[in-house]
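Given only the sequences and the hints, what does the whole structure look like? Please build it.
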Amino acid sequence: MTTPPRSVVITGCSTGIGECAALRLDRLGWQVFAGVRRAEDGRRLAEKASHRLRWILLDVTDEDSIAAATAQVAEAVGSNGLQGLVNNAGIAVGGPIEGVPLDQLRWQFEVNVIGLVAVTQAMIPLLRLAKGRIVNIGSIAGRVTSPVVGAYCASKHAVEAVTDALRLELGPSGMYASVIEPGVILTPIWDKALSKSGSALSAELAQRYSAEVALIAKTARRARKHGLPPDRVADVIVHALSATRPRHRYVVGRDARIRLALQTILPRRWMDALVHRVVRKYGRPRT
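Position 34 of the sequence shown, counting from 1, maps to 27 under this note's numbering, and the rest follow consecutively.
Among the clues, some could well be false.
[To be verified] Calculated pairs, DSS-like style, for lysine-lysine (alpha carbon to alpha carbon, straight line, at most 27 Å): (1) K124 <-> K211; (2) K274 <-> K211; (3) K41 <-> K218.
[Claimed, not checked] What follows is a list of derived Cβ distance ranges for each label pair: (4) A266 <-> Q65: 20 to 30 Å; (5) T(-4) <-> I90: 50 to 60 Å; (6) P260 <-> G22: 43 to 53 Å.
Just so you know, the hints here were simulated from the structure itself, not pulled from any lab data.
The beta carbon of each residue, even a glycine, is placed where N, CA and C say it ideally should be.
Below, the structure written as structure tokens:
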């Protein structure tokens, strides 16, 4: 009898990390269920993959979409269950906390946290059948907060806690949950965030936080030139899904390791002073 391929659901496969992970796991022989919000994105992804890859319409903020996607996966995998779930879908909301519109703050958590939990809850019965693994795409921002991206950092901090809870709760069932914490990755997420953040601020707040916003904009431009390619994260996803002893946390990128080390070594006041100094030095808007 032929052994069926291992199966995995990945959310947010239209671009970036999700697309790269879907193609990598497909090449490794996994049956990939690639979640996308638009059919055209799914068809484009399928053209790059083998016959095993199946794209599914999956909006992590829509209960009906999650239910329909789960039903498709359940029908395909049957009693073999699901070996992996990669929660990658996410957005970034920029702006200082005092100026972030509350509807955008709620949307930040709706996608990055509530949506992640909703998909996980729906897939757990299938994962339990195969003693599968959950891999959540967090960020180093979930452990090291920066100014004017507090909403995003807060959502990724929540992902850290959710992952730890899942690992503790599902461990007795032979399951495991890991979180991946990338640094600057070459994806379009911050371009989208920064294009919207400035328009939501009053003139007073835009002036008050101009240096911080300028620094984040420089970071986004640097990501386009020097950010790690998404396949570096895909490598780590493969390890988290396949290794005999997966890690509970994966820090990806030299910049992420440096930021975490500074946060660990320096007293809090020193770390705050360092951030303020960097903002003053590198965050001056271009004249």
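Hints and how they fare:
1. Restraint check: the Cα-Cα separation between K124 and K211 comes to about 43 Å, which exceeds 27 Å; the hinted pair is violated.
2. At roughly 12 Å between alpha-carbon atoms, K274 and K211 fall within 27 Å of each other, so this suggested pair holds.
3. As the CA atoms of K41 and K218 are separated by approximately 25 Å, the hinted pair is consistent with the 27 Å bound.
4. The hinted range of 20 to 30 Å is not satisfied by A266 and Q65, whose Cβ atoms lie roughly 52 Å apart.
5. Between T(-4) and I90 the Cβ separation comes to about 51 Å, which falls inside the hinted range of 50 to 60 Å.
6. Checked against the hint of 43 to 53 Å, the pair P260 and G22 passes, with Cβ atoms roughly 49 Å apart.
Hint compliance for this structure: hints 1, 4 are not met, and every other hint is.
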